[in-house]
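First to last, the sequence lines map onto chains E and H.
Letter by letter, the first sequence follows residues 1 to 192 of our numbering.
Letter by letter, the second sequence follows residues 1 to 312 of our numbering.
Everything labelled a hint here was simulated from the structure, so no lab data went into it.
Glycine included, C-beta positions come from ideal geometry on N, C-alpha and C.
There may be inaccurate statements among the hints.
Quick look at which bits of chain E chain H covers, simulated, 3 or more residues with Cβ under 8 angstroms [as the list claims (entries may be wrong)]:
{"hint": "1", "region": "107 to 121"}
{"hint": "2", "region": "147 to 156"}
From the derived model, a few chain H residues whose C-beta atoms are all more than 12 angstroms from chain E [what the hints assert, rightly or not]:
{"hint": "3", "residue": "Leu25"}
{"hint": "4", "residue": "Ile199"}
{"hint": "5", "residue": "Ala221"}
{"hint": "6", "residue": "Ser306"}
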Amino acid sequence: MLDAFEVECFEEVGRDFYRQITETVLSDHNLTAVVSKLRIFIDPRIPIFVAVGTIRDAGASIRVSDIGSIQMQGDETVISIRDETYLAQFLTRLYEIFGHDHVDQPDRFTIIISKAEIPQNFEKIEIVNRADTVLRDLIYAMTVIAPEGFKVRREYYGKRQFYYAASENTLPEHVVEDVVSAQFTLIGEVMR
Amino acid sequence: MILVPITYTGGVYRHDEIIDYIEDLGGYIVQKHEMAQEMVLQAFIPKDDIERFTAFARPLAGEVAESPLVGCEIAVVIPSLEIHHLPHSACDIAEYLRTVGAKTNMVGLARGFGKRISQLNDEERDVINEHDLAIYVLGNFETCIEEKFNGLRRGVNVPIILTGAPPVDALRRITDPPAAGYVGNLGRFMHRTRTEADIGRLDAVVEEVARVLNVARDEIAHDPLSVSPARLKEVIEDGVPEIHQVYSPTPITVQLTGLRIKLPFDRYHDVIKSLPVEEDVTIGDTAWISPSRMRDYILVQIKPFSETHIVV
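Using the sequences plus the hints, can you model the full thing?
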């Protein structure tokens, strides 16, 4: 559940509909647990749609040790995969480090690295930063929530904060920035 | 003889007897759906014979229901069909109207989204005008609907039912000139309509469509058509065997005052024009035949009695 969630619009009916749309979209995209605070401001007269918010800690980075266990067998290093979720990114990373000739995947859950030196702290190498993908997913969800036809948009996501502003007109930068920072203030945050 | 639109739902077993019976009564089959063991017929039958027909269908476990939407073609107009904004409430509206017998077409506008930037091009306008009725499924904000609706209805001369999230009173207040019908509390939402409240909203659309169509039918009754569209459909089915090779769900779509025939205009319009409806009366005498803006189909618009002084 979100710690703070608010939709502001001078049209009450539209506001309630957008509240419902937001709840549906966040739950469809499995983002309800990720978002901490979310505030949406819509003014169809300007027109503008602004969503600002913060995310909870999306979890630590995914490291080699989270994906599988490592065993040394003579010249070879065998990695037994426990969690396949990030396997594609993991393999890409292994190809970068050791080269295609030294990395083999004889079956779905086994990766063998042969004739290559395993770097120190190999287990601690970061494969995926979940915060990146979560924020990207969140921005996509905002695109889905935003009214149809709001094609001119600006989006930002940092370590913890994100915002998404959209309109059908090209609005002056200061207008967008003022609205966005005012919304951040309303959720008790300072825009970074 | 007053023909009323009905839907018959029953098994496939002995359904040919049902079809024969409808034809013997002087009725017409508009559409036939065969789904596994089930059969759904949309037909016109004489008003006085409904009870007789229901009694005939009872031993075959068939159900007969009056469906005011049978025999009309409805355009469900939406500002866009963007992938980001699916599922669209219009999908459910179009589907629900089909369950009560209407033939609906979704018209997703190329540039209908937005407020200031929304547009309707000539092809979209002409396609909408080929229907009996248009349902405009607009969004959640009164401010936007007020500004964009007049642009989206420009040149559209079929009755329009306006739907949106604001209540009916608000929709009525912001439309000038008024639309033919209104359904409120039905804007853009992202979930499928499953709850009772959602189904209630769709029922309100059906009710409003039926009301507006009845008004249109009353108007037609003042100057009746030279021939019934359902009858013309049968004439074409008998006279143009190629229509049976068209794989569309409705090779001939029946409308309130005409037909859409899904055959190429260039090759078939002369054949259709010269088909006799009765002795010395051809389809060309009773209807205007023109190319449809929808693909290369043929559009048949039946002339009123005042134009032809013929009723066949």
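Please list, smallest to largest, the hint numbers that this structure does not respect. Result: hint 1 breaks, nothing else.
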